[in-house]
Amino acid sequence: MSRIELRGVSKDFGNTPVLNDIDLSISPGEFCVFVGPSGCGKSTLLRLLAGLEDPSAGEIEIDGVLVNHLPPARRNVAMVFQSYALYPHMSVHQNMAFGLQHRKLPSDEIERRIADAVRILQLDSLLQRRPRELSGGQRQRVAIARAIVRQPKVFLFDEPLSNLDAALRVHTRLEIARLHRALGSASMVYVTHDQVEAMTLADRIVLLQPLAGRRGAPSVAQAGPPLDLYHHPANRFVAGFIGSPAMNFVDARVKSLGDEQVVADASGMLCAARLSSQGLTPGEPVTLGIRPEHVVLGQGPQRARVSHVERLGELSHVYLDLPGASTPLLAKSPRDDIAIGELLAFDFPAQVMHLFRSDGVAQARGAACTATRSGRVKSQWYEPS
Amino acid sequence: MSAVNAAEGSARTSQRRAAPGRRRFPCGPIVYWAASLLFIFVSIFPLLYALSTSFKQGSALFSPTLWPEAPTFANYSGVFTEQPFAQNLLNSLLVAGSVVTLSLVLSLMAAWAFGRVEFRGRGLLLMLILSASMLPQVAVLSGMFELVRALAMYDTLGALVVADLVLTLPFTVWVLVTFMRQLPKELEEAAAMDGVGVLTLVFRVFMPLLWPAMVATGLLAFIAAWNEFLFALTFTLSTEARTVPVAIALISTASGFELPWGKIMAASVIVTLPLVALVVVFQRRIVAGLSAGAVKG
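Which chain is which? The protein sequence lines are A and B, in order.
Following this note's numbering, the numbering of the first sequence begins with 866 at its first residue and continues without gaps.
Following this note's numbering, the numbering of the second sequence begins with 204 at its first residue and continues without gaps.
Okay, chain A solo, but in the shape it has when bound (with noise of 0.2 Å):
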């Protein structure tokens, strides 16, 4: 089967490093997501899994075989490129059946395959068309065509959304969803900057960071699956990443320490924390963060005054001024009736909390702590006697 394996694969440009000591395994039929910030080096990833670049160290291997120096057409892969490169001076049928042509293919195969194609992506009404008298969405489906024809192992697909308007690109991630499953055997790797395309689409997200220069960071921040990025972040590269809103951080500094507990004191407001207090030292400063669909409103010990709203419809966001802290707090809440500056009574449940040291890695947090949902937490406040 098409197994993807990388082995400590680097790629720079000139002077400067863009990816550094990757390895990477993809399994076969399995949806991988490559997301990161602009600059993070995803789409040179991508490109070099297509072979239109050549990695500076590493192996590469698709299917068991090296491919390292294979050229792109030898690696059994098929990208949907961004701006979906589709010949222009050739219809529809043309630009399916151009590379399987060149193939040598029997004309018969190559009928049914675009047949296969044109059923799948409903394009029966545009085969004779040219790419100019379609649009957006339409060329993006001739695109995802013309991978599908050639019946690749790989399907490679640089940000194939980002040129479509809002709500199609809702539609065309169902299709994409759909048509992994339909395709069943075949890979899919990924690249998005969108975190929603990510969440929705991935089995599993490898989330890159931007080496900004450094040679010996690594490119890979997280790889797993999308709530285990969500729910168990390794580090607040992660944490800050995943997650729309972004997560909270509120420097503190560690107060105390129990089994699976921690308590960290905030600039005067002490927070606990259900994880692992291994390697921590009472005093030690540390960054506690909180996703904003986990901050409690209405109830709890704690007091902050609104300082701005922002209202969505099915809910607010919420913005609170913390007490010694340089950005405001954001909460999510289903209320739309909360006015600015009003005081309002909020809460860190301590399952929900996360925990950075200095260097940004995360504590571990139990297996417990991905079952809490918001608003559900009891109350946990560590109540100084």
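Read the hints as simulated data drawn from the structure, not as lab findings.
Only a predicted model underlies this, so the values are computations on that prediction, with no experimental measurement involved.
Beta carbons are placed, not taken as given, at the ideal position from N, Cα and C, and that holds for glycine.
Errors might be hidden in some of the hints.
Claimed, not checked - One-sided excerpt, in silico: chain B residues whose CB lies under 8 Å from chain A: (1) L368; (2) P387; (3) E389; (4) D397.
What the hints assert, rightly or not - Not close to chain B: a few residues of chain A, all C-beta gaps over 10 Å, as computed: (5) G916; (6) P936; (7) D989; (8) L992; (9) R1046; (10) A1088; (11) G1089; (12) S1109; (13) E1125; (14) A1131; (15) G1165; (16) L1177; (17) D1186; (18) D1201.
We have chain A already, so just place chain B on it with the hints.
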């Protein structure tokens, strides 16, 4: 205070009124048309004079009236009967056609190399190609003559094709390199994913997209080869191998003591017509190609 405001206000409104008023300056269209007509007259007049002369004979040649008093086609028939002018026309067509085809094929491949492949000395090589077009024709004439003789091409049309390529290639290469660089890189990568080789990439993916540029450069190359005189004069000897510019220059009367202006002008008009036709036909294509936005897709 309010008075000042009012004054400012009225000044502003009068300015606003003045601006479109200037555009409606009554003499504008007149000046525009007068200048245009003058320009058209200056550029067309020599051609008109040639056309008029080609219909005159005898002493009428020396009267400067634009409209011939006794128009005659004798010059036109004379051009074809007194020398192998049809053969010369065919020669010109063959030479110019081959030059255009060869220089487009060669420069398309060169444009891919210069525009898309990174190699050492690329800039230097491009400048060298450009500098080849800076030399005056006379400077390369003797060297070219040796080359033509070494290739055993003297007094053949092949000699003219080779020589004319020196004139057209630098220009076509440079123009096509510029256009090639504007084509999206993803297209080439998509072709690489399709497993397409370089020649297929250049001729089946890039060439259709560069068609407007190729038509424009091809047209200019055709005109250059069609009108080329010095090489054609030097590298051909027999009347049958001549191209039209040389043939026209060598039209003479039986006595040899007068210039047959009527025939020369008739031949010139005949030679100009294909060019006019080409430009008219292909100009539409160029415009159509550009407005279709072939590259953007």
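Quick rundown of the hints versus the structure:
no. : hint  : verdict
1   : L368  : 28 Å, violated
2   : P387  : 6 Å, holds
3   : E389  : 4 Å, holds
4   : D397  : 3 Å, holds
5   : G916  : 8 Å, violated
6   : P936  : 7 Å, violated
7   : D989  : 21 Å, holds
8   : L992  : 17 Å, holds
9   : R1046 : 24 Å, holds
10  : A1088 : 26 Å, holds
11  : G1089 : 29 Å, holds
12  : S1109 : 29 Å, holds
13  : E1125 : 52 Å, holds
14  : A1131 : 49 Å, holds
15  : G1165 : 53 Å, holds
16  : L1177 : 36 Å, holds
17  : D1186 : 45 Å, holds
18  : D1201 : 45 Å, holds
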